[in-house]
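A.B. asks: All chains, full assembly: derive it from the sequences and hints.
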Amino acid sequence: MSRGSICSWQDYGRRSSQSMPQFSGGPVEFMTSDDIELKRGDGWFLSYTKIAGIVVVFIIGVVAAGFLGWYINSLPKKEEFDSVDLSDDEIEGAVDETLASPFVIPLKYRLELIPIIDVTGSSRLKGRVVIDFRVNDTTGLDRITLNAGNVTVTNYKLSNLETPMKKRRSIIVYVSSGSSEFNDFSGGRVLRSVNDNSTEDSIQEDAETENASEATTLAEADNQTTATETTITTTEQPITVTTTLKPTTVQTTTQTIVETGSLPTDDDSSRIPIASYDVDEDKKILTIRLDSQIQQGVYELDLEYETAMDEGEFFIANYTEDMWLMGTRLRHSGAKYLFPVFDDTVHKSVFSVSVARSKETRVLTNMPSSTLRDTTDGSVLETFNDSVPLSTNELAFLMGHVKPMNETVIGNTDAVATFWCESNRDLHDSYLLDKLGSIVINLIDVFSLAYPLPKVDIVCLPPGIDENMASPGLIAIKQSLFNTADKSSLVVKSRALKDLINLMGQQWFSELVNVNRSEEWILGGSLIHFQHRIVPEIDPSSNLADSFLVDVQQYVMEIDGYTVSRPLRENVNNHLLESLNDEYAKGACLIRMLHGAISDTAFRNGYKKLINRWRYNATDLADFMNILKEETELPDKISLEEAMNSWISQGGHPLVTVMRNYEERSITVYQEQFSLDKPSESTSKFWQIPLNYINSTGNWSSPTTLWFPAEPRITFYHVDPNDSWILFNVNKTGYYRVHYDEKNWMLLKAALAENHELFPVETRASLIDDVFSLAAMGVMKYEAAFAFIKYMQMRERHYQPWAALTRHMLKLSRLLYETSVFNDFQEYIVKFVSPLYNETGYKLEEGSELTMVAIELACVFEHAECLDWAKNIFQNSTDDEEIEKSVPSYVRETFYCTIARYGTRKEWNYFTEKIRSTEDEEERKRLLSSAACFQAPWVLQSILSEILQGRFKEDEIPVILKSFPRNPAAAQVASRFVRANWPEIAQRFAGSYPILKSFVLSMVNGLTTEQDMEDLLIFRENNYDSMKGTRYAAALVEANGNFVTTWLKNSLAQIENILKVKA
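The sequence shown lines up with residues 1 to 1063 when you count with UniProt numbering.
Heads up, a few of these hints could be off.
When the alpha-carbon atoms are kept at most 16 Å apart in a straight line, the in silico EDC-like pairs for lysine to aspartate or glutamate are as follows [said to hold, decoys possible]:
(1) Lys914 / Glu893
(2) Lys455 / Asp546
(3) Lys925 / Glu884
The following label-pair restraints were derived from C-beta to C-beta distances [unchecked claim]:
(4) Ala787 / Thr418: 54 to 60 Å
(5) Pro454 / Arg143: 37 to 43 Å
(6) Lys1028 / Glu757: 49 to 55 Å
(7) Asn626 / Arg289: 40 to 46 Å
Source of the hints: derived by calculation from the structure; they are not laboratory data. Computed from a predicted model, the values in this text were never measured in an experiment. Even for Gly, the Cβ is constructed at its ideal location relative to N, Cα and C.
C.D. replies: Following this line, the structure appears as structure tokens:
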């Protein structure tokens, strides 16, 4: 059996006594015969020559059969990926991560950072970290391990903060004997221990005197700024900082209160000798070996280090030629790339941060600024307030040429929100500034908890950064969203509002609650659910509806509709993830289903308890379910945790089939896995499903609910009369699809045709999504699906049903691309969408989501007016600025794709030049995504070759490759290119798993024949080892290929018949 395959076997035949001749008599029977005469009659005798010939022929036959069997066995077989192999492909064991010292609990990190910025070259950072930590190991430790990625430590010190014989409460205070420079870490500081019976007033008096004499206020420092001061970017020498240490807040531990100043030195009597140290570059682990063991107690580790500012963990981008912004992005990679740390996510610690900067730049971090101190070279060391307990990967800072624009009090709290940008300008028409207060009020209502931090800074990123970032107290938002104004299009305002809701929601979750990495989807998914749910409440005047179903759930269910779909509860290796977006999105679907299964009050109270009970601590799914269980009453034999486990411990989602017995007024409900690539009979997954349903006389706001246990079917009686339709999964709050008997489908279709507004818009979108998904699976005829949407052409004018239909029509277009009916299908859709396009397509300035969908459908399916619109703008515009004025940003990718689809060398030259010259990363990515719309194979081939030659940045490569499956011609080129060049691809991007997976996934929709599938299997077998980390992606490609080839065999004829009738 070949690696990664699943084989089945059965008995094709066995010996049976029933088929063998038998004697009928017993042992006493005798066999008798007459005398036998030997004589030649009918028959023949074998000579030795004949016997020898028979033996030779038999031997030749055996040898030939052996060769034939070997040849047949060597041919590629249609094998499936082993599910265990796929699960192991990307779990934590794939790339080991060693935890730091397990018996060490960090209490406080004190950081002094010196960024040395070179915008055109390699930037680096010099720093010093002092870590107060507690050792809980009763047997003693002879080594300390920390996580450190690309960090070079230049000096080590380890000190004991407790006198060995004292186990009673003590206070340790750092006192400065004089000033010292930052790079002189051995300055004349002394450590003084003060017992319980000491006078605390004298300590406070010393601290106040020292603070008053030596601290420089923020306002005074700003007044001293001059135009001649030196910036950090112009020096290659570390900034020299004159500091004076002072006591700060008291941190309480079990037996000790450690009161720490900025960066203390150790007393020789408390020093602990270090024997050696080493760094494991592969595992990113720093190990410090000690001369002797350390016992339980509180210690201080003092490290000086340097690190390079790698693109993955830091960013540096320009606003203008002379103005820039740098910052950290440690959310997923971890703080180990900024400084050596103990375990990144298990513990929350207090952070005291100081950053050296030039006087014309500003520094922002999680907490408000406390003091500024001048340095000997004219720069400034800015110190920030001690943080609330944070995980190390939640620490963040930004530094650059930014200024405060506007300040506003957040909601009904005392916290202040400050908007920052590169220049002084009034944000009086800022949409986000106007809506921030409403966002906070709604989030406070969701969590029943006040905003948890003293401030939040909202910073406009340079145009070269196309991602939003959030850490406690600090948000960085991409420029296009930051600049959203009241007059912006509805689509742009909707996107900006959803993003800011999510970023602000993280202020509650990330600062207060910690979760295991494999269960991050709980919080990430919750935020996606909340951001869609409260949008209509924040801005009801702009008709921004909850579009969760078409923006999130429809996408997730499509990629989760294969037999190889992966469960959420897999400890996926962080190195192999491109992002957590897909996991968060599916988590949001499950959170939304859970919200619908219990009362809204119970759901809100559950989150309130979750945050309050696990404040500054770690939580997991079991905690979450137990809290929600306290707030709700469930039927007997239903466990909320067991129900949720049935959804997260297995991949995919169910298809619920509702069969009515109209005579007995009963309903039998079946469940099976929805699967596009394999018959349902081959799967045996079951879920505990929270069902809800309604009939024609029911109340949409309070449908009937019941739980479907994890078994094949249930039956219930005394349901609706025969002439009433019944509808399950109201507004598709459940993460499942629904199929009905033929009569019920006819009743639903008639009700929509009579008055479609009777059904909520989410339910209409859900029905459209289900009918075409069922047709694709083969359990419903396409004729019935197209008849179901007939009402839409002239009457449906809401975004969500049209968005649901658009996804399926684009999918059908790709399936029919190489068939004889492709042009007929194009004409059919143009005729269907024309009324909508004629009504809304010209409303570009209004910019509704319905306009966006109408233009996409019209241009993709070659509506003449839409093609003329794109062609005329492209030909008549004198420069790029004119194009950007004529084509709003929300439809610009559709515009570029239309130009590319019918483009030749002239259009390709335009694309290459604009991609090269544009500085706006968001606009650049629109162009990169649209480049795969070209139909000419030589253009598509050159794009892939340029990727392999390193012509694009690493974060741009997935953007390009993700667009290839949207164009069948591009997908076929990608399929051939990846198979032919995989060894070079694997070598060129070794370790860059997101890029490798993007190459593999670019082949999706490029496999349409049995020969394509055989070629894929040969490719997989020949490159099995080098595809580590991408095998799940390859399994998805194979699963989609199986679906396409099966669909063309079984469903193409249905589409041909429909189009013949329509013609």
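A.B. asks: Against each hint, give a clear statement of whether it holds in the structure.
C.D. replies: Results of checking the hints against the structure:
A C-alpha spacing of about 14 Å is found between lysine 914 and glutamate 893, which places the hinted pair at or below 16 Å, so the restraint holds. Using a Cα cut-off of 16 Å, the hinted pair lysine 455 and aspartate 546 is violated, with the two alpha carbons roughly 29 Å apart. About 15 Å separates the Cα atoms of lysine 925 and glutamate 884, which keeps this hinted pair within 16 Å; it holds. Checked against the given bound of 54 to 60 Å, the beta carbons of alanine 787 and threonine 418, roughly 57 Å apart, stay inside it.
The beta-carbon spacing between proline 454 and arginine 143, approximately 39 Å, falls within the hinted interval of 37 to 43 Å. Restraint check, lysine 1028 to glutamate 757: a C-beta distance of roughly 53 Å satisfies the suggested window 49 to 55 Å. In this structure the hint that asparagine 626 and arginine 289 lie 40 to 46 Å apart at CB holds, the actual value being about 43 Å.
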